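Once you have looked at the hints, place chain B with the ligands on chain A.
From first to last, the protein sequence lines stand for chains A and B. The first sequence begins at 0 in numbering that gives the first Met the number 0 and counts up one residue at a time. The second sequence begins at 0 in numbering that gives the first Met the number 0 and counts up one residue at a time.
Everything labelled a hint here was simulated from the structure, so no lab data went into it. Note that the structure is predicted; figures quoted are calculated from it, not measured. Virtual Cβ for every residue (Gly too), placed ideally from N, Cα, C. Fair warning: there could be bad hints in the mix.
[Stated by the list, open to error] Ranges of calculated distance between the beta carbons of each label pair, as one might list FRET restraints:
#1 Arg134/B with Asn167/A: 38 to 48 Å
#2 Asp94/A with Lys284/B: 52 to 62 Å
#3 Gly76/A with Asn157/B: 31 to 41 Å
#4 Asp94/A with Gly133/B: 28 to 38 Å
Spelled out, the chains give:
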Amino acid sequence: MSDERKLSYGQAFNEAVSQMMEADPDVFCAGEDIGAFGGVFGTFLGLQAKFGEHRVVDTPISEQAIVGLGVGASVTGLRPIVDLMFMDFICVALDQIVNQAAKLKYMFGGEASLPMTITTAGGGGLSAAAQHSQSLEALLCHIPGLKVVMPSNPYDMKGLMISCIKDNNPTVMIKHKRLLGMSAVVPTEAYEIPLGKGNILRPGTDVTIVAYARMANEALIAAAELAKEGIECEIIDPRTLQPLDADLIVDSAKKTNRVVVVHEAVRFGGLGGEIASQIQELAFDYLDAPVTRIGAPFSPVPFSPALEQHYIPDAKTILAGVREIMQRNVIRG
Amino acid sequence: MEISTTKQFDLHRRMVRIRLFEEAAGRLAEANRLPGFLHLYVGEEAVASGVCGALNDDDHITSTHRGHGHLVAKGGDFNRMMAELMGKATGYCKGKGGSMHISDTSLGMLGANGIVGAGSPIAVGAAFANRYRGRGQVAVAFFGDGSTNIGAFHEAANMACALHLPIVFACENNEYGEFTPRHKTMAITDIVDRAAGYGMPGVIVDGMDVIAVHEAAVEAVERARQGGGPSLIEAKTYRYYNHHGIQNLGLKYRPDEEVATWKQRDPIFTFEDRMIENGVATREKVDEIWAELRQDIETAIQFADDSPYPTPDQIMVDVYTKSSTSNTTVGTKS
Ligand SMILES: Cc1ncc(C[n+]2csc(CCOP(=O)(O)OP(=O)(O)O)c2C)c(N)n1
Ligand SMILES: [Mg+2]
Numbered sequence: 000m001s002d003e004r005k006l007s008y009g010q011a012f013n014e015a016v017s018q019m020m021e022a023d024p025d026v027f028c029a030g031e032d033i034g035a036f037g038g039v040f041g042t043f044l045g046l047q048a049k050f051g052e053h054r055v056v057d058t059p060i061s062e063q064a065i066v067g068l069g070v071g072a073s074v075t076g077l078r079p080i081v082d083l084m085f086m087d088f089i090c091v092a093l094d095q096i097v098n099q100a101a102k103l104k105y106m107f108g109g110e111a112s113l114p115m116t117i118t119t120a121g122g123g124g125l126s127a128a129a130q131h132s133q134s135l136e137a138l139l140c141h142i143p144g145l146k147v148v149m150p151s152n153p154y155d156m157k158g159l160m161i162s163c164i165k166d167n168n169p170t171v172m173i174k175h176k177r178l179l180g181m182s183a184v185v186p187t188e189a190y191e192i193p194l195g196k197g198n199i200l201r202p203g204t205d206v207t208i209v210a211y212a213r214m215a216n217e218a219l220i221a222a223a224e225l226a227k228e229g230i231e232c233e234i235i236d237p238r239t240l241q242p243l244d245a246d247l248i249v250d251s252a253k254k255t256n257r258v259v260v261v262h263e264a265v266r267f268g269g270l271g272g273e274i275a276s277q278i279q280e281l282a283f284d285y286l287d288a289p290v291t292r293i294g295a296p297f298s299p300v301p302f303s304p305a306l307e308q309h310y311i312p313d314a315k316t317i318l319a320g321v322r323e324i325m326q327r328n329v330i331r332g
Numbered sequence: 000m001e002i003s004t005t006k007q008f009d010l011h012r013r014m015v016r017i018r019l020f021e022e023a024a025g026r027l028a029e030a031n032r033l034p035g036f037l038h039l040y041v042g043e044e045a046v047a048s049g050v051c052g053a054l055n056d057d058d059h060i061t062s063t064h065r066g067h068g069h070l071v072a073k074g075g076d077f078n079r080m081m082a083e084l085m086g087k088a089t090g091y092c093k094g095k096g097g098s099m100h101i102s103d104t105s106l107g108m109l110g111a112n113g114i115v116g117a118g119s120p121i122a123v124g125a126a127f128a129n130r131y132r133g134r135g136q137v138a139v140a141f142f143g144d145g146s147t148n149i150g151a152f153h154e155a156a157n158m159a160c161a162l163h164l165p166i167v168f169a170c171e172n173n174e175y176g177e178f179t180p181r182h183k184t185m186a187i188t189d190i191v192d193r194a195a196g197y198g199m200p201g202v203i204v205d206g207m208d209v210i211a212v213h214e215a216a217v218e219a220v221e222r223a224r225q226g227g228g229p230s231l232i233e234a235k236t237y238r239y240y241n242h243h244g245i246q247n248l249g250l251k252y253r254p255d256e257e258v259a260t261w262k263q264r265d266p267i268f269t270f271e272d273r274m275i276e277n278g279v280a281t282r283e284k285v286d287e288i289w290a291e292l293r294q295d296i297e298t299a300i301q302f303a304d305d306s307p308y309p310t311p312d313q314i315m316v317d318v319y320t321k322s323s324t325s326n327t328t329v330g331t332k333s
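Bound conformation, chain A alone:
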């Protein structure tokens, strides 16, 4: 049965790209090793064979020019998908992303649009060390003009990727490297998940966990464990970080009165700070405890598995965070 068909997270990405390329001849892809080889993570497999070398382009190792290609081609009417193999490499292309892609429309008084998608792979857990493991989403979310998406499962991946491609703004689709093999039922037809709409991954009453990408899955593991202790967690996956679905988060906070925000990125200056801040601005009177932020320590990602396993938050860290916040109580006068 086709509606029961399963795809991996990586395949869901691939199918979204493939269906959009079929639907719109203006969509093309460019990036390192994505053509004949199919991408170092296999996420572009088969696309060049299907759509030809002019639509799935192997580029030189030139991140700045790859994003620039997307900027120039989108502002002149195409709908590019440009790939930066590892998220760490956005740093090589930051001028094109931050000063060009994000701002051209505004600086031109609205007389331009850039329907381009930057795709990349983030996250740690592979002993890939400090330059191949980062979660730099906060850097991008800070830039007006960009949209930033980080799916936590194959279903969301397909719907969000299609929305990214269809969106008339520069969007950044961040795949998590450790989720590429995750498998789930994914509809065969093309569908969209609106950017800026979060998702209640698990309904609950006692505490809200806001988590995205791989951490949403770790939160699910923690929640199953906590349920055995009688703690019902509501897990909110914002899916899109820019724009952020603050309403969904705030509504949940008002209901549960306690919030834990989790991300894999370094805690200081991470999205957790923004989310906690919005919660206290919009739901201060409902909170029974300060918002807890869980993130990585303020160091580069260490190479040795002996260090990295303690560096990246996981279900255990989340369990501890939730147990702690459940102990805290504000005495209301």
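Below, chain B with the ligands alone, put in the same frame as chain A:
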């Protein structure tokens, strides 16, 4: 150029050390005993060895993701290298860097690098500092053919020439960047063609011939040391294994015959044949060298195995340098 017997043995030794280290690392990776990515240098030994053989201990080099060979050629310690690859506390980077960031600043080896192209600008900085201090040291940037497509390389090459710095750009042209052949990503065949655009001399050398590489390196390094400015050496070479990992045949992006053809010109075996033919070495002597260095590798693996992993409290150590060590006194405004 007359290359002394001692120098020939020195170059040979560097190459054999690299080969043995890399083959051992490959075996450990195959047995799932090395975490992370592993980019092997096997096949390219003549390049690092020929160039580093022309350097002094206090000269600097910058390296690439394929960096073990550069560190070995600069005199790297097997024990600390092997421990680093295993993520142990006794490793060169205390387990924090791994294969892609292996470094020994005391040997002037300023790090393997996970960012393609990033080493070249750093070499420019080292060359600048070397001239600034006037101690006659030079810097060498090792880089791949693929990395010459990135802005950082061009900025570095141009700045080095504009500032007339004591630097050598040493290109390892192995005809591939990851899984894509070079001809798909540039419209020129020889990297050396780029040199003229910046105003520096460039030469192509057979990267499988350690003497050819060494002679070109001696000339370029001397030029730099004497104030003659930058040069570029393009060594045509080949990596026997896959971009990363240990597969060598049956790869979909390159034909097996190509690997076989290059292997016939193996930089170590052809050099040994030449040394023996020329009466510089005997087969027994060569075998002795391999046996001795093999023992060093065994010792290194044992050392790494016996070493402890870093403890979690080390995560926050070395993010910053503790206090200012600059000897400039800066006055405070009242
Ligand atoms: C800025 C950047 N882009 C892409 C990569 C991924 N990558 C790692 S090695 C490599 C190929 C490098 O080719 P080359 O410079 O020829 O070196 P070789 O691997 O052949 O020794 C690529 C694309 C990277 N590490 N950094
Ligand atoms: Mg190469």
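Going down the list of hints, with the structure as the test:
1. Arg134/B with Asn167/A: 38 to 48 Å: About 58 Å separates the Cβ atoms of Arg134/B and Asn167/A, which means 38 to 48 Å is violated.
2. Asp94/A with Lys284/B: 52 to 62 Å: Between Asp94/A and Lys284/B, where Cβ atoms are some 56 Å apart, the hint holds.
3. Gly76/A with Asn157/B: 31 to 41 Å: 34 Å, holds
4. Asp94/A with Gly133/B: 28 to 38 Å: 36 Å, holds
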